[in-house]
Amino acid sequence: MKKMFLIVLALGLVTSMANFTSSAHAAEWRVPGDFATIQDAIGDANVTDGDLIMVGPGSFAGALVTKAVNIKGVDGATINDGPAHPSGLVQGFRLLAGSDGCTISHLRFIAPVALTIMNGAAVSDVTVAHNTLINQVQGISNWAGSRWEISHNEIVDLHTRNGGGIGILVGARFAGQVAIDSVISHNKIHGTLDATDPVEQGGYNGTGIVIYNDRRFGSTGDAITGNLVVKNNISLVSNNPTLVDVVAIELTDTDELLGVIRGNAIGFNDLRGTTIQIALTPATLGGTVNPISRNLGDNRGHGLHPSFIFGPN
774 MKKMFLIVLA
784 LGLVTSMANF
794 TSSAHAAEWR
804 VPGDFATIQD
814 AIGDANVTDG
824 DLIMVGPGSF
834 AGALVTKAVN
844 IKGVDGATIN
854 DGPAHPSGLV
864 QGFRLLAGSD
874 GCTISHLRFI
884 APVALTIMNG
894 AAVSDVTVAH
904 NTLINQVQGI
914 SNWAGSRWEI
924 SHNEIVDLHT
934 RNGGGIGILV
944 GARFAGQVAI
954 DSVISHNKIH
964 GTLDATDPVE
974 QGGYNGTGIV
984 IYNDRRFGST
994 GDAITGNLVV
1004 KNNISLVSNN
1014 PTLVDVVAIE
1024 LTDTDELLGV
1034 IRGNAIGFND
1044 LRGTTIQIAL
1054 TPATLGGTVN
1064 PISRNLGDNR
1074 GHGLHPSFIF
1084 GPN
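For what it's worth, the working numbering labels the leading residue of the sequence shown as 774, then goes sequentially.
Worth double-checking, as some hints may not be accurate.
[To be verified] With a straight-line cut-off of 27 Å between C-alpha atoms, the simulated DSSO-like cross-links for lysine-lysine are:
hint, residue 1, residue 2
1, K1004, K845
2, K840, K1004
3, K1004, K961
[To be verified] Simulated restraints, written as ranges between beta carbons of each label pair:
hint, residue 1, residue 2, range
4, L1069, A799, 34 to 42 Å
5, V956, N819, 40 to 48 Å
6, G861, S1008, 29 to 37 Å
7, G975, L825, 40 to 48 Å
Read the hints as simulated data drawn from the structure, not as lab findings. C-beta: ideal position from N, C-alpha, C; glycine also.
Model the full structure from these sequences, guided by the hints.
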């Protein structure tokens, strides 16, 4: 165990030194100031990977992100517009090729933004932290990205639109695109799931945090493993539960035969404010397949020993 700790420590020091070296050469840009919009900043040739884009104060449109920039809100900066999604909904940020390693933090997202952050190109190594999301259809959506850190965000209210009602999603759709080793921690997801949209037909549940293998419409899906969901607080209530109810944490594989969702750990979350706390489809996704243990609520004090999730002390 001592050897393992020393190896981890050494790797941490190497990573820290690499981050220090990278940040030492990073430039800082202001929106407004240097640029009128976030998109202008990202598109400028002088703005390069690792640079910091400080946004605020004020309200701004989000952007299509194509570089590994660090986008940070200051003085209550708000994102209230952004690029259109094919569904017709407004996105805050859509991550495209080249944005691996980007950071989005300290921003507030409000309507008409409905899809806060969308992984549009299997982008990995993304950090989304210290943001506030208000009444989103779909909050932070990591499709086929690995090693994301989603932490210390507050998600207040969700709403459905014949789909959605999701706070945080980690999922995969296509063969060869995996979603592994992300950490979802210390997020607070609370309020009302609004299922009163006129287009809403129901027949599903909204969810605070979902790990999802989507094999509908001919998609094949691929490995969703090694993801950690810990120390989140989820308290959601649907205002129309007979049409669309809400689940705190959900693991769903739309094709149970191939065992794509495995080795994900769910522990030490406070789920007491949500009636349906953990939903597994199929039910065989629990047990040793995906350890679920020591969550406050129905799962309190049950399941596998914490060492199964975190390793021996």
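So, going through the hints one by one against the coordinates:
no.: 1; hint: K1004 to K845; in the structure: holds, 24 Å
no.: 2; hint: K840 to K1004; in the structure: violated, 30 Å
no.: 3; hint: K1004 to K961; in the structure: holds, 9 Å
no.: 4; hint: L1069 to A799: 34 to 42 Å; in the structure: holds, 40 Å
no.: 5; hint: V956 to N819: 40 to 48 Å; in the structure: violated, 33 Å
no.: 6; hint: G861 to S1008: 29 to 37 Å; in the structure: holds, 30 Å
no.: 7; hint: G975 to L825: 40 to 48 Å; in the structure: holds, 44 Å
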